[in-house]
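Protein chains in written order, with the numbering used here: chain E, 1 to 337; chain Z, 1 to 337.
None of these hints come from the bench; they were simulated from the model. You may find that some hints are simply not true.
The list treats identical chains as one, so a pair stands whether inside a single copy or across any two.
Mimicking BS3-like on lysine-lysine, the simulated pairs with C-alpha atoms at most 30 Å apart in a straight line are [stated by the list, open to error]:
#, residue 1, residue 2
1, K172, K146
2, K146, K176
3, K307, K89
4, K2, K163
5, K172, K217
6, K19, K88
7, K82, K296
8, K206, K19
9, K176, K217
10, K234, K314
11, K217, K206
12, K60, K221
2 protein chains.
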Amino acid sequence: MKITLHSPLDMHLHLRDGKMMQNIARCSSKYFAGGIIMPNLVPPITCIEDVKAYKKRIQKAINGDKFEPYMTLFFKNDYNYKFLKEAKKYIKAIKLYPSGITTNSEGGVSSFETEDLKETLEAMSELELPLLVHGETNGFVLDREKEFGLFYEKIAKSFPKLKIIMEHITDKNSVKLLDRFDNLYATITLHHLLITLDDVVGGLLKPHLFCKPIAKKEEDKEFLLEVALNAHPKVMFGSDSAPHPQSSKESCGCAAGVFSAPVILPALCDLFEKHNKLENLQNFISNNARKIYNIKPIKKDIILEKKEFLVPEKYGEVIPMFAGERLNWSYYESTCS
Amino acid sequence: MKITLHSPLDMHLHLRDGKMMQNIARCSSKYFAGGIIMPNLVPPITCIEDVKAYKKRIQKAINGDKFEPYMTLFFKNDYNYKFLKEAKKYIKAIKLYPSGITTNSEGGVSSFETEDLKETLEAMSELELPLLVHGETNGFVLDREKEFGLFYEKIAKSFPKLKIIMEHITDKNSVKLLDRFDNLYATITLHHLLITLDDVVGGLLKPHLFCKPIAKKEEDKEFLLEVALNAHPKVMFGSDSAPHPQSSKESCGCAAGVFSAPVILPALCDLFEKHNKLENLQNFISNNARKIYNIKPIKKDIILEKKEFLVPEKYGEVIPMFAGERLNWSYYESTCS
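If we strip away everything but chain E, and leave its shape as in the complex, we get:
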């Protein structure tokens, strides 16, 4: 049994930089036609020169794979119309991080007053540049995304022409917001469709499943599954695949991030097949994103076959999701480049 996915897209991807990027970039570029590349490097990507230089480094790292890195800027509230108009030639979106909320987000936003964000967000609305948001407050860890919902409501109302993408949603409240505001969209990761907080801290502690936002309750997972498996038209796949060296994950202060890139498509085939929803995977993994972002990705067919896939224990220094475990679907070898 085989399935062909046409131009799969990963709408939330961390490729990092330097040696780490060399190690992991092709785990995405071999199997996807493109991806939205996160700008939270050290320092973050905040100018056009840096966007161009980072894109070049990515293109070198993926070594000729047919893969389009959709570049982004790290949100700053002093970006004006003129700058953004020029930037739009090189980027597909702008990513907003609340200050200090996740890996390399220290330079993020600390005021969420509409007035402080107005100039930049109005320019983005006019230029049709989507705003991608890591939506968490600094409240109690399980309530952060829900609490941030108030901000989503506020900007959705204040900037009705702005396309706002709630990144890596994990909470049922975020799912509900999708149908309440025309201009709210969402990405969902692989891991948040599979795990709850119990998988992270309920038995032995699993640092390789520790991520931000942290996985929530079974009920939240059910809400995410409902919209992902049915390929809700406002929902896209975005892995948030975020590699950290094993030494940093298995340490006394473990960084947040799940490295899912190498297992995404086989694991999604498993999941969608299990729920008899394989026919919706194409929309979830590509078509919805094309419409929401108004993009035409590189033509690239990825074939998967129902054949056991033993997930490698390591990619360089990085432990992937499902390390050493067996999945029911694997890449049909010759198709991937």
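Take the given structure of chain E and dock chain Z to it, following the hints.
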């Protein structure tokens, strides 16, 4: 400034066995007059011979320190009156673990039907042997202790003469139960008075603060502080100090347990002083336990002084709580043996 604590008691302590016990036992025996020793070895302590042999090994490990190891058995529902009457010469309590709920608890209880526990619990009531309980269900990790509350209510009602000690409580619901049932008591750890889930998974992941039951919300912590700082007469200190080698804590499947033994009394002085409750520490750390367990501990005065204490980074292979940090109180050297 100095404070003298008379015969401090740690009413919930893991001393482990073998090389680990050699390494960590004196972190408790130097500073405490006695402690309730947990029986969850591999295999667990379920017969009198094992109690006696384990006590001997402990006495050897503490190397002459004035410290009374109060021994316990691992609860089995086939303990009968005759066995328990004999056992009572050697033990102070029996510890019940739901099966599989924490480290080395696989042989624990899987049926909580009153009928299945009746013979053993009635014998314990008659013999005045307290039942110590790790109170968690296998539900969602943050709800486990609250859900277990129904079982506490059931046994408290069914066995009104049985002294039931809710071990290492973490949830406000457990605190409320104390005043609802005459025969429910509790131990509280140091770490649950200081941390919430945010400290474990809210920033970087902190495996050395990962424990079972997992730390809950700020509101729960406030309830615990209220009864601890005021030395509620049904509440005792029990550290649940539980050493694991660094290699097991900083790994892809990290074991639950905080190793607090070396820092307990200085950290409690800090905490009680901060809340202007130092005068209640003696009751919390010793007197309440004496009354609840009806024990007369070894006479042993521990003096602490308000002087910076730089917590060591490591005790052998084990990372302690507050490793490398500074506390405001320290042991007044010559008093501890």
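Comparing the hints with the structure gives:
1. With identical chains, the CA atoms of K172 and K146 are at most 30 Å apart both within one copy (8 Å) and between copies (23 Å).
2. Taking identical chains as interchangeable, the C-alpha atoms of K146 and K176 lie at most 30 Å apart whether they share a chain (11 Å) or sit on different chains (28 Å).
3. For the homomeric pair K307 and K89, neither the shortest alpha-carbon distance inside one copy (42 Å) nor that between copies (62 Å) is at most 30 Å.
4. Neither within a single protomer nor between protomers do K2 and K163 lie at most 30 Å apart by alpha-carbon distance, with minima of 36 Å and 63 Å respectively.
5. For a Cα distance limit of 30 Å, the shortest separation of K172 from K217 qualifies both inside one copy, at 9 Å, and across copies, at 20 Å.
6. When the C-alpha separation of K19 and K88 is checked against a cutoff of 30 Å, the pair qualifies only within one copy, where the shortest distance is 29 Å, while the shortest distance between copies is 63 Å.
7. In this assembly of identical chains, K82 and K296 lie within 30 Å of each other by CA distance solely inside one copy; the values are 26 Å within and 80 Å between copies.
8. In this homomeric assembly, K206 and K19 come within 30 Å of each other (Cα to Cα) both inside a single copy, at 25 Å, and across copies, at 26 Å.
9. Proximity of K176 and K217 under a CA criterion of 30 Å is satisfied in both settings, with 16 Å inside one chain copy and 25 Å between copies.
10. Taking the closest pair of Cα atoms, K234 and K314 never come within 30 Å of each other, the shortest separation being 34 Å inside a single copy and 51 Å across copies.
11. For the homomeric pair K217 and K206, the shortest alpha-carbon distances inside one copy (16 Å) and between copies (21 Å) are both at most 30 Å.
12. Taking CA atoms no more than 30 Å apart as the test, K60 paired with K221 passes in neither setting, with 37 Å inside one copy and 52 Å between copies.
In terms of the numbered hints stated before, the structure departs from hints 3, 4, 10 and 12, listed from lowest to highest.
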